[in-house]
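Student: Residue numbers (UniProt numbering), protein chains in the order written: chain H, 1 to 708; chain A, 1 to 263; chain R, 1 to 331.
Derived from the structure by calculation, the hints contain no laboratory data. Don't take every hint at face value.
Per label pair, the in silico range of CB-to-CB distance [what the hints assert, rightly or not]:
1. H:Lys663 with A:Gly252: 43 to 49 Å
2. H:Ala480 with A:Lys162: 27 to 33 Å
3. H:Gly144 with A:Lys253: 54 to 60 Å
4. H:Asp131 with A:Lys162: 53 to 59 Å
Below, computed lysine to aspartate or glutamate pairings styled on DMTMM-like, alpha-carbon distance capped at 25 Å [to be verified]:
5. R:Lys58 with A:Glu201
6. R:Lys310 with H:Asp419
7. R:Lys58 with A:Glu150
8. R:Lys58 with R:Asp175
9. R:Lys310 with H:Asp133
10. R:Lys21 with R:Glu43
11. H:Lys145 with H:Asp436
12. R:Lys5 with A:Glu73
13. H:Lys586 with A:Asp222
14. H:Lys695 with H:Asp366
15. H:Lys34 with A:Asp71
16. H:Lys445 with A:Asp25
17. H:Lys61 with R:Glu47
18. H:Lys373 with H:Glu160
19. H:Lys285 with H:Glu410
20. H:Lys652 with A:Asp254
21. H:Lys446 with A:Asp25
22. H:Lys706 with H:Asp131
23. H:Lys518 with H:Glu544
24. H:Lys156 with H:Glu375
25. H:Lys586 with A:Glu223
26. H:Lys652 with A:Glu150
27. H:Lys125 with R:Asp144
28. R:Lys277 with R:Glu301
29. H:Lys143 with H:Asp303
30. R:Lys44 with H:Asp366
31. H:Lys396 with H:Asp286
32. R:Lys304 with H:Asp705
33. R:Lys44 with H:Glu122
34. H:Lys586 with H:Asp366
35. R:Lys179 with R:Asp144
36. H:Lys652 with A:Asp171
37. H:Lys603 with A:Glu256
38. H:Lys400 with H:Asp366
39. H:Lys652 with A:Glu223
Glycine included, C-beta positions come from ideal geometry on N, C-alpha and C.
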Amino acid sequence: MEEKNKAIGKGVSRIEGILKITGKATYATDYPAKNMAYAVLFKSTIASGTITSLDTSAAEKSQGVLAVITHKNAPKLNLKGGLRGGALLQSPEILFHGQHIGIVVAQSFEQATHAAHLIHVEYQKKEGKTDFDKLLPNAEMPKGKELADLVRGDAKAAFENAAVRVEEIYETPIEHHHPMEPHSTVAVWEGEQLTLYNGSQIINGAQTAAASTLNLKPEQVRIISPFIGGGFGSKGGQWANLVLTAVAAKMVNRPVKLALTRQQMFNSVGLRQRNHQKISLGASKDGILQSLSHQTTSHTAVDSEYLEPCGDCSKIMYEVPNSLISYRVVPMNVILPTYTRGPGKSTGSFALESAMDELAYKLNIDPIELRLKNEPKKDPSNGKPWSSRKVVECLKEGAKAFGWDKRKAEPGTNKIGDDLVGYGVACGTYPARQRDSSAVIKLTKKGNNVNATVEIAASDLGTGTNTILAQTAADGLGLAMENITVKLGDSNLPPAAGSVGSVGAASFANAVNDACTKITDELLAKSGKQFFVRPTAKDLMISENVSAFETRADAKAPTQADQYSAHSFNANFAEVRVNALTGMVKVTRFLAVTGAGRILNPKTARSQIIGGNIWGIGMALSEESIIDPRWGNFATRSFADYHVPTNFDIGKLDAMFINEEDKIPNKMGVKGIGEVGIVGVAAAVANAVFNATGKRIRHLPITPDKLL
Amino acid sequence: MAHNNTPLTEEEKKLFGDLMPDELDEVIQTGLKRRHFLKLVSLASAGLLASHLIGAEQLFARAVDVDVDVDVEDPPAIAVENGVNVSFRVNSINKKVLIDSRMTLLDTLRERLELTGSKKGCDHGQCGACTVIVDGNRVLSCLTLAASCEGKSVITIEGLAKDNELNPMQDAFLKHDGFQCGYCTPGQICSAVALMKEAKEGQASYLTQNIRNQQGSIILSDEEIAERMSGNICRCGAYPNIVAAIKEAQTGKDIEQTWLFAG
Amino acid sequence: MRPFKYTNTNSSSDAINLLIKNPNASYLAGGTNLIDLMKEDVEKPNELIDLTRLALTKIALLPTGQNGISIGALGKNTEAANHPMIREQYPLLSKAILAGASAQIRNMATNGGNLLQRTRCSYFYDTAMPCNKRNPGSGCAAKDGFNRMHAIFGWSEECVAVYPSDMAVALSALDANIKVIQPDGKFRSISIHDFHRLPEQQPELDNTLKRGELISSIELPKNDFANHSAYIKVRDRNSYAFALVSVAAGVVLNGNRIVSAHIAMGGVAHKPWRARKAEALLKGKMATVANFELAAQAEMEQAKPLAQNKFKVAMGKNTIVSALSMATKGT
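Only chain H is shown next, with the shape it has when bound in the complex (with noise of 0.2 Å):
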């Protein structure tokens, strides 16, 4: 048995990583093609009406420009195919500000980008959509019956009839996924056959997505994507951009390269939405809750609804007898929001998480007791028994750990020079799931030198997915590392699910394990031999002199797996300094405790966790997308007025896991940590905002003017 699991578990470095430090990784725009075309998209300058003239004359006589494609040359396209977000060029309808209105080719960059300033649009402008505020009192049921309001109990009554209570609004704004490669494409055809290289976290999502629309059959369309320079979800669904970008190629009959600028990402690859969440907390005196009301109006697309679900962490992390879970939603005309790193999870835990240190601080209780009073025993939402639940040791360990025995009770309290110090915790959680999902695996041998290939559409977008399925193949078959080739990132390979709400590592492994088991198993059939102890592939391969052999296996989530709660949960630790004069806020030092199942390489998942801290940070200090109501358009539009956070923002951060066998929601005992590790970060900073100055701050993000 020792012989087993020598690669799982292990914190080795990215099988890629060789590509990526000697900048020979190839992300979409990286890929050469002869004769390659430039295209540029053009923006709507309102946010709603219609075009009534469109002058791209001068455009077009520009030197170098290849077309002009808007709605009145662009070929017909399916509006239903599953991209998201609309703006196809189908239309002279304008649903929000930046909506894309055309797409100019080029022989240059440089003479696109020109050409494109030199259009000429006339429109018919209708009263928009885009205060949110204004439109705030007038919010509607949503659509989607996931988000019909679940209830328990009174929680009306019973708030009223606590002890002590908490009640407050907590205001998450707008913010964008900003990945470092904007989204960008390049389309290849031959013939009837499309090739597009394009970062994409569901590889087969937007091979079916751009077929779809472009009125071809999925087999027409390979979507290649080895490299993808970061998405949190603004890559999981497809855009306008993917498609248009094929559209140009077969008009100009050349292939095309076009990328959005970095400015163009505000509008054109949804956003988080902005999400006005009310709190209401009632405990009894010795802090037993007895009710917890989560109310949530966000805005979505005046065409079209997607919301995050701020209450899923509310139905599920205390004990409480009566409790009210809601959403209401304005249409605006903004483009549609879409999942973002831990969506409804961050934000919505941001306002339970910081009620709830609200109200130990009420009851003068320390928070980790509160959370520790309050803990469930089976699912609260479902009265489903939890697969596992490491909550009580992720706070216990971490307390310890981070030396929370440290914190001062009082706020204000603890000075040095001129900068307030304070501690914060705050709980996260995020569901565990396995997606369908096969994998090949081909095996080679030579000699007694045996190799293995990984073939799976999966993806990796920084997650650490190429080496963990080399670290499961090397286990699952009995070989070392270096013996394995992990083939993904092409929707030619054998379908999978995508690398979104954590659903990757699971889905992805599991395949590639139920994979090794069965070609292990088929090679034992095929030997015809009864062993004692189980051989592994290699083994069998060498004993029974086989060259060559392959299989694929369909993985899908354990029949039993539904009938448990399976969800990663973690306990974050934040300590801050707030500058009392500048009001200039720093996270010195931060631990995220994580009850995750199994982890597979430690070494990847404390990254994929302090990356998630990282943007819980910048969520929480300093990101923020705001949109002037006036036009409809975002007043921040760059890097230099949104502000991700910098090396320097970022102090001292830990990662613990708590070691966790669950083998209920699969079979390898992988619960998913992309998305947990933001979730309870904001909540955490802001507790800790609270301890070091007394300034209790509810609508992110906190900024230094509202430290003053």
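Position chains A and R against the provided structure of chain H, taking the given hints into account.
Tutor: Just chains A and R now, with coordinates in the frame of chain H:
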């Protein structure tokens, strides 16, 4: 013409034989050529190399030096306005290229010189993904007109490995997982390599205490590294790992990687 | 970018002549702001005259009789910040430069170019929006819009933008002079206080340079507060962000008594804002936090904040106090 005729090591032969058996004899006879390297890269791009690469660092490092182009092919006349002929050194090779006056150094590297390692993250000087080293200093290639580079020397991520060896900074980034998606990485590494020179020269930062007291070479604290690297945005959030990698590269001492388990 | 002719010269008189000849030509130095604005179609020159090969890069003592130092306009920000004479005699300038942008940008940006940075107002950058600075007469979108980052001193109905440089804030506190070559080849010297202007009715004009004039150097007079100066920059993140408020402070002390104070602010006006009122109140007073607070309060009472930047009044006050405290402690 810069040839690279160093014979392959046994390990490299095995690797090459596995990956590109058809080319093995040719490489053994004539040395590694650009076309071999490009094929290697294309295999890598399709995900075919994977863990073979654990042993392939040397091969890659050597291959980086294989570029032999001097005159870069002109684009069609229609694609160039206000053409400027620029001669400059890129990764130690003299390049002569005709460009549109509007073309930035970044787009020239990427679209004309087949050096796609430098990345376009914002194109406005706000992210650092395009960082390259010009005449020894880190600069943003997206805000540099290629026309202004006449006679200058440019080092990109592709040119950091020397004499078949990765730059220690590259090794340190790999070891410390100083990246996730990898898109900002070429800029981070170029920036970090130039930072080593700045530290050696004793350059100051916003954090420098007692700025009037000037010293020679300085060993940078974690905070100093972080502040001085703040012009390179990493959205995946590899910052602490980047700091650890730079610290290890600067001190030459092993920095321990830590992840904790409990319960 | 619009097509443009690129010209390179190593003669300042050639550069000036080329510029005078073509009303749509621009000088190009480090390019960190101009190229950015050309990509946005805000700046639209049809000819760029690259100045980076001019020999105006030296940092040297001024001729005897004029105590001080001269910084070549086309030297890089990094070199200025790290020059031994500047670090020793004008540490305030080093600190201010190092507070700005990133190492990469400071390696590209020139000292003269830094003075000519245009505002970072997002409406100025967005050609779909009204902006009197970009398009005179079109209106000011920021006045009643997203103006959190904008001016609290000296703005006009036409423009509420702020000037984004850190370096120039220190230059203001240091009473620098900007030496320029005029089209006739003669030099003139402009006080830093007169170099940048308030927007008034002509926000399209950032400064008082005349067409064709070329900055040759920045001259710093000798000062007595090298050992008592500080630059503090308050921003939305801890590095690589424009200032909400910044303060450059230099204090000449006699024991614990203030002989003179030099205070300039960034992020609050269309030019570096010299806090004369605070300076006057501090003269002759003891260097105590209470006195710093009184002086800072008096200065900031003159502020006229906009709807979204009222916080800058308190922030400005606190930052002046903080900078004076730090300066008093010693550089």
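Student: Confirm or reject each hint.
Tutor: Against the structure, the hints:
1. H:Lys663 with A:Gly252: 43 to 49 Å: 44 Å, holds
2. H:Ala480 with A:Lys162: 27 to 33 Å: 30 Å, holds
3. H:Gly144 with A:Lys253: 54 to 60 Å: 55 Å, holds
4. H:Asp131 with A:Lys162: 53 to 59 Å: With Cβ atoms ~58 Å apart, the hint holds.
5. R:Lys58 with A:Glu201: Between Lys58 (chain R) and Glu201 (chain A) the Cα gap is close to 19 Å, so the pair holds against 25 Å.
6. R:Lys310 with H:Asp419: 23 Å, holds
7. R:Lys58 with A:Glu150: Status holds; Cα separation ~22 Å.
8. R:Lys58 with R:Asp175: 20 Å, holds
9. R:Lys310 with H:Asp133: Within the cut-off at roughly 21 Å; holds.
10. R:Lys21 with R:Glu43: It holds: about 18 Å lies between the C-alpha atoms, which stays within 25 Å.
11. H:Lys145 with H:Asp436: 24 Å, holds
12. R:Lys5 with A:Glu73: It holds: about 22 Å lies between the C-alpha atoms, which stays within 25 Å.
13. H:Lys586 with A:Asp222: 15 Å, holds
14. H:Lys695 with H:Asp366: Within the cut-off at roughly 18 Å; holds.
15. H:Lys34 with A:Asp71: Between Lys34 (chain H) and Asp71 (chain A) the Cα gap is close to 18 Å, so the pair holds against 25 Å.
16. H:Lys445 with A:Asp25: Between Lys445 (chain H) and Asp25 (chain A) the Cα gap is close to 21 Å, so the pair holds against 25 Å.
17. H:Lys61 with R:Glu47: 21 Å, holds
18. H:Lys373 with H:Glu160: 21 Å, holds
19. H:Lys285 with H:Glu410: Within the cut-off at roughly 19 Å; holds.
20. H:Lys652 with A:Asp254: 18 Å, holds
21. H:Lys446 with A:Asp25: 18 Å, holds
22. H:Lys706 with H:Asp131: 22 Å, holds
23. H:Lys518 with H:Glu544: 17 Å, holds
24. H:Lys156 with H:Glu375: 22 Å, holds
25. H:Lys586 with A:Glu223: This hinted pair holds, its Cα atoms lying about 12 Å apart.
26. H:Lys652 with A:Glu150: 43 Å, violated
27. H:Lys125 with R:Asp144: 21 Å, holds
28. R:Lys277 with R:Glu301: 10 Å, holds
29. H:Lys143 with H:Asp303: 12 Å, holds
30. R:Lys44 with H:Asp366: 61 Å, violated
31. H:Lys396 with H:Asp286: 20 Å, holds
32. R:Lys304 with H:Asp705: Holds, because 17 Å separates the two Cα atoms, which is no more than 25 Å.
33. R:Lys44 with H:Glu122: 23 Å, holds
34. H:Lys586 with H:Asp366: 23 Å, holds
35. R:Lys179 with R:Asp144: Given pair Lys179 (chain R), Asp144 (chain R) is violated - Cα atoms ~38 Å apart, limit 25 Å.
36. H:Lys652 with A:Asp171: This hinted pair holds, its Cα atoms lying about 22 Å apart.
37. H:Lys603 with A:Glu256: Status holds; Cα separation ~12 Å.
38. H:Lys400 with H:Asp366: 14 Å, holds
39. H:Lys652 with A:Glu223: This hinted pair holds, its Cα atoms lying about 10 Å apart.
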